[in-house]
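All chains, please: the whole structure from these sequences, using the hints.
2 protein chains.
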Amino acid sequence: MYGRYTQDLGTFAKDEAARLRLQEGDTPRPRRPSELLEYTQGRCAPCRVCALQCQRFLISKVGEDWVFLILLGLVMALVSWAMDFAIATCLQAQKWMYGGLDTNVLLQYMAWVTYPTVLITFSAGFTQILAPQAVGSGIPEMKTILRGVVLKEYLTLKTFVAKVIGLTCALGSGMPLGKEGPFVHIASMCAALLSRFLSLFGGFYENEARNIEMLAAACAVGVGCCFAAPIGGVLFSIEVTSTFFAVRNYWRGFFAATFSAFIFRVLAVWNKDEETITALFKTRFRLDFPFDLQELPAFAVIGIASGFGGALFVYLNRKIVQFMRRQKTINRFLMKKRLLFPALVTLIISTLTFPPGFGQFMAGQLTQKDTLVTLFDNQTWAKQGINDEFEYLGILEAWRHPRSNVFVTLVVFILMKFWMSALATTIPVPCGAFMPVFVIGAAFGRLVGESMAAWFPDGIHTDSNIYRIVPGGYAVVGAAALSGAVTHTVSTAVIVFELTGQISHILPVMIAVILANAVAQSLQPSLYDSIIRIKKLPYLPELGWGHHEKYNVRVEDIMVRDIHYVTLNCKYRDLQQVLHSTKMKNLPLVESAESMILLGSIERTQVGALLSSQLSPHRRLLALRQKVLTEDGHRLSDSSIRFQISTETSSGTPARPALRKPLKPALKRVPSSPADSPPAGSTDHTGIALKSLFCANTAAEPTEAQGTAYHKAKRVRISIVEEMILGDKMTPAEILEWEEQQLDQLVDFSSAKIDPAPFQLVEHTSLHKTHTIFSLLGLDHAFVTSIGRLVGMVSLKELRKAIEGSLTGKGVKVRPPLASFRDSTASTTEADTTALRQLWDRHQHHHMPREAGPGGDDDDDTPK
Amino acid sequence: MYGRYTQDLGTFAKDEAARLRLQEGDTPRPRRPSELLEYTQGRCAPCRVCALQCQRFLISKVGEDWVFLILLGLVMALVSWAMDFAIATCLQAQKWMYGGLDTNVLLQYMAWVTYPTVLITFSAGFTQILAPQAVGSGIPEMKTILRGVVLKEYLTLKTFVAKVIGLTCALGSGMPLGKEGPFVHIASMCAALLSRFLSLFGGFYENEARNIEMLAAACAVGVGCCFAAPIGGVLFSIEVTSTFFAVRNYWRGFFAATFSAFIFRVLAVWNKDEETITALFKTRFRLDFPFDLQELPAFAVIGIASGFGGALFVYLNRKIVQFMRRQKTINRFLMKKRLLFPALVTLIISTLTFPPGFGQFMAGQLTQKDTLVTLFDNQTWAKQGINDEFEYLGILEAWRHPRSNVFVTLVVFILMKFWMSALATTIPVPCGAFMPVFVIGAAFGRLVGESMAAWFPDGIHTDSNIYRIVPGGYAVVGAAALSGAVTHTVSTAVIVFELTGQISHILPVMIAVILANAVAQSLQPSLYDSIIRIKKLPYLPELGWGHHEKYNVRVEDIMVRDIHYVTLNCKYRDLQQVLHSTKMKNLPLVESAESMILLGSIERTQVGALLSSQLSPHRRLLALRQKVLTEDGHRLSDSSIRFQISTETSSGTPARPALRKPLKPALKRVPSSPADSPPAGSTDHTGIALKSLFCANTAAEPTEAQGTAYHKAKRVRISIVEEMILGDKMTPAEILEWEEQQLDQLVDFSSAKIDPAPFQLVEHTSLHKTHTIFSLLGLDHAFVTSIGRLVGMVSLKELRKAIEGSLTGKGVKVRPPLASFRDSTASTTEADTTALRQLWDRHQHHHMPREAGPGGDDDDDTPK
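Each protein sequence line maps, in turn, to chains R and G. Residue -4 is where the first sequence starts when you use my numbering, and the numbers rise one by one after that. Residue -4 is where the second sequence starts when you use my numbering, and the numbers rise one by one after that.
It is worth saying that the hints were derived from the structure and are not from the lab. Take these hints with a grain of salt, some might be off.
Heads up, the list lumps identical chains together, so a pair's fine if it works in one copy or across two of them.
[Unchecked claim] Subject to a maximum C-alpha distance of 20 angstroms in a straight line, what follows is the list of computed SDA-like cross-link-like pairs (lysine to any residue):
#, residue 1, residue 2
1, Lys277, Leu288
2, Lys147, Asp79
3, Lys764, Leu774
4, Lys764, Arg142
5, Lys267, Leu288
6, Lys531, Arg795
7, Lys332, Leu125
8, Lys277, Ser576
9, Lys748, His759
10, Lys267, Met105
11, Lys332, Ala449
12, Lys267, Ser459
As structure tokens, this is what we get:
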């Protein structure tokens, strides 16, 4: 045993060394020398070795993607299942209350109306207080975040809690709201929190690019575990959140979404809700003859009508929001009583769905889930238009009305739900619009299907076999088409296959979805883009398909030519001027105003910092101190400064806050104690010799006191503070004069952070390519250069204008102002050549002043 | 009527003007003034107006994407259907021959073997003669083309014909070959040809970026109409051809693939093959309980085993190809008799599948399609392991053998087909490997399923209901898993759903496919990447998932630091030196060797052209002529040159070829006629005054004879030719001397084509981001700059090495040589600062020589 132990230790040491060598490349961790010493001591050393090895192994595995994805999938499946459970409980409670009070209609009504109103109001209030970012769908925000824009507070724990609880309450109220969009947001927050949690075990999760990729996978998980539709989830999340996607991320999405959907459904099996894993809304259409070829026109009609319907929904939704905002009286009133609007909307909607009231004409007692189940039902409700022939069973009862037929019920349902959904999704609670739209689409499909069934009672097929029309299939097609139209996606087709567990209607669904998309895309932006516009998030519109003129617009047509720049040899005054004259966030840094060679870009804040540090009070005071020194002829001794430090730090506050905190009081003390200011005006000429002496002294200091670096730093800081107090004795006029002097100095860029390779485009880059590059790399500006020379700049704003200009101006296409110059391709290359020639000439003059003559053509070069 | 006519004309003119104004932006077409004149004349003018309007409308519509996509879908559906028909006929003919000769086994064998051998040999010979590019799958080539690399002759009509006919014959032979990959290629060729055809109607199809997008859509159409699987087709084509995908193209793919699949299936209905549109390999598994939760481990086993199998298949396929190439004797023999190898392979494979022979143990008589149909069958073949219980029906008969059981048949089938498919796909005919692998996977799945059914005769579920195990479901899972493993895709899952028309097994399929991918991806590249490597196509390996060390490697670790460059003020000698010392295709152009500011990049060929034009004989002769003029003291009169022109041009050859053709003979004549060379050595000092006089003269000429520009150009050209003949009187020594002089001149870049904005990276860009950018933008090199200064270069080669280095070196990770320097982040920013400081200092010195002192720190700046 002891022998083995030694051997173990030997191999362990070898392994350890190898591992350390390997890990060196990945994560430079601080090594603990105590670990290795430990093994030779103690009694249960082998156990400890083993435990340590396991721990290390686990920690190293935590960094791998698949562990993260499995954890994400697991957490999201649990969250999804728990939320579903809570929502189902809420809905059941409402039903129970409503059912228990069936003796009194008024009490029933009160219960029916109060319950959702309370829930929605609570949801609105809770999210408002905890995290207003949790309001709404979340897909538009995720789209923006995945573009590389950082939205504050969108991926925090607070928002997570607010979204989960708010969404549960909102959906538990039975309002026509969806959970898909919020789930995308919840999954993203989950991923962000998880990666922050896992980064406690190692530094793997600190990479920005990786986190973005994980967020993309998380979006897929969100949709996937919401509908138990992994494939549809991945595709839908790609379509709604990305302009470009990497096939890499696609794997991650599939993996996580499948795992998540699997766990989500397994939980249902374990909970004995289901016998095995099946689809959420399983249909049982016949397999051998799902539809006739001659039914396809009907499916196409559903598609086209859904396209118009979808566009109308988006329009209606936007108009409601805009109306609320524009009507100032309403707006002011609602801003004061934030919870009134949700309560009011809920009150109206629940009143209209009250089953004994108007609800009886629109199957008001059914929950969203029950509605879908009934709409996807296998049976035909209206055989030859007569209700009585068909006996409604159980849940289907809701669609029957003694004094009207099923068509009327369906039409009323569609019309009422349409505006209700559009209105309900504007309530400031966490909610999506996918599911309500899906239900409306299903109802519309069912209506068409029932009409077809009534029209052709024995099916269309004229051969020997009679295949009746399946209205449930129409409902599936309608659901996919309308939700596809509203969201501008085709993956809703895949989602319905996964939701229903049947793929037999693939061609009708695909045809309807594509037609719906074609119609809707030409009329309105998608619901998410519409919200992005309403919320004014930094976005880039898509290039529609078929706009081939986009290939003809070039960067030179849209770029800003008159840009402000910083030159390498500029003065602080120039910086000030640039800051005053432009609002650009990134300023180009060029070699000189003549050459205009782009060297990099510098952030506006950096420029500001440069300027403020140049004009900072402590530099001024330093200068003042030097002047004082020069005049007095003797300088302050080091010890006196040290003394002052000790008195300053004796108050117990650490040095760093001490630097910041006393600044304001110190400055404020200036007018209160003007008595002890030194004589002004006489301090103009600084003695350079003495100053250099002083400098030499401070420069020599580090070599003699290397060990006490911290103390020294503290000392220097404090001395600055001290000098500040010492030196606010300049009059405003003096300060102004000093500042003017400072502004005339050349800028020292060495302390500034410069982006050494900002993205560059050429004048001839097409709008199409520019859009591609901007959306691929998530840029918000790019400089346009020509052979190294800065000639212009394109930012998101210009790009957006250019795209929208040619998108909206369909009839009257705006000819880009400079496009005509380019029709003759020769001229552009000539311009290029000229630019190069200029540069060349300049260099000729520059480097060889002996050859002052003009460049000349190739033909008459003199052989030397 | 006449009044209406006038009115029509008025509105027409207005419309016309509007349209012309609009079209101006799109395509500057030559306007035909005769068109407008026509309307006022003639008798049936209104008809003509109408016809013209219609024509214009149609032509303008032809440019729209959807028209193109519909046409593409239609054509591909027709091609696919026609090919399927031809293949089915071929296979039936073989069956008929085999069946008709059942009296004599030897004759049967001859027929069974000869038929495929002839077909394969014809296919190989036909493609070899017509277009060798048609050989093989086509997906690797399409992947390369979509990356932006131009492969010659890959998208021509010749290749299209060769591929279609070759593929039909190859598949008609009954060999284990697939049609999926070739269909991707065929669809792409179709798109390329179609766009070339449609460009006859307008200039819409001349855009490069658009054509690439259309090719991406065409790939989706190829898969989509091959399997009637639009969604799976789109996803599969994305996975195998792209690294990054634009959601824009995704629409196109869906649209075209759906239309194509629809037409493809409608053709089957119209041909009375089917009653309505259903899946290709329709399954009829039970819907209510597709699988038990406890069966999932079996599905996972299928997935993992398929992963290993897929990797083995790729390995085997590559080894066969490499063996053929390496064995020199075999190789030489095969190169001589190109058709022998296909014939031999076919002979072996068809002998082994001969049904009365060994084929009886492996269902040899079934075609690929029949095999799949039987494998996906709903029934259980081996109830409790005893064959007799189950009566085999019709086509299923093939799997039964009187002296063995179904397990043996399946195992033999899998083993034999495995190496046969790997071998057959190396035959130089148009063929893919997807379908054979799919069939093998299905057989493996069936084997596992039958084993499970034999193990649990009454199903696993222990509740009241008995749900028997469905081995067909296992076959579906196996097919998806193995084909997914070989191609490294997850979309095979979607393809099987669409192929079988059932989605009930979604979770087992997804789990198996993901596991198979995880295993296969860690062992081998995908089949297509393997072929890319074998064929040495310009490719960029994928970044695997989970390799987070990629985020830690940076451009500075992999870039080439010692690069050759061209400076703006360099001499021709430098150009020559650069051309000799490097093989880079693109040379960076920097401002000067000191500043190293990157101005652009210049192609190697351009540099060569600059150099050769500088040293060209006609420049030399021009120089000589000037010398002659100087010596003689009088110059040739203009009129004499003109005379010589007329004699030169009278021979009838145009001026331009005359310039090129005589060059070589002229050079060769040099040694033959050394007698008439002018005295050498005396021409050393060129008279500058006279030369400048001459120059002034030629410079003045253009102003006085602007009208006859063409004649003048011709004259100049001819005069050069004339001078060439006149001047080959220099001795080689003289020529050398002259050339040396020329090389010392400064380069004039004005005639060279310079890329003004080559792609730039920074030293800190991560390998991950670099890979992303390279694959997104299809780059093959990028320059690394630091604040405008060129510091290095990264090309595909370096990137590939870096990725493969860290991919293959899994155990022993190669630490990038410079990575250690970067661990302290401070040092890099310091380096940056230093670089900037240098630049700044240089400028300080440069622009302000009066301030020669060192820059100094911020603290001790002297206020001026």
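Here's how the hints hold up against the structure:
no., hint, result
1, Lys277 - Leu288, "between (24 angstroms within a copy, 17 angstroms between copies)"
2, Lys147 - Asp79, "neither (29 angstroms within a copy, 57 angstroms between copies)"
3, Lys764 - Leu774, "both (13 angstroms within a copy, 14 angstroms between copies)"
4, Lys764 - Arg142, "both (17 angstroms within a copy, 15 angstroms between copies)"
5, Lys267 - Leu288, "between (41 angstroms within a copy, 13 angstroms between copies)"
6, Lys531 - Arg795, "within (13 angstroms within a copy, 42 angstroms between copies)"
7, Lys332 - Leu125, "within (17 angstroms within a copy, 79 angstroms between copies)"
8, Lys277 - Ser576, "neither (64 angstroms within a copy, 70 angstroms between copies)"
9, Lys748 - His759, "between (30 angstroms within a copy, 14 angstroms between copies)"
10, Lys267 - Met105, "neither (35 angstroms within a copy, 62 angstroms between copies)"
11, Lys332 - Ala449, "neither (51 angstroms within a copy, 70 angstroms between copies)"
12, Lys267 - Ser459, "between (44 angstroms within a copy, 14 angstroms between copies)"
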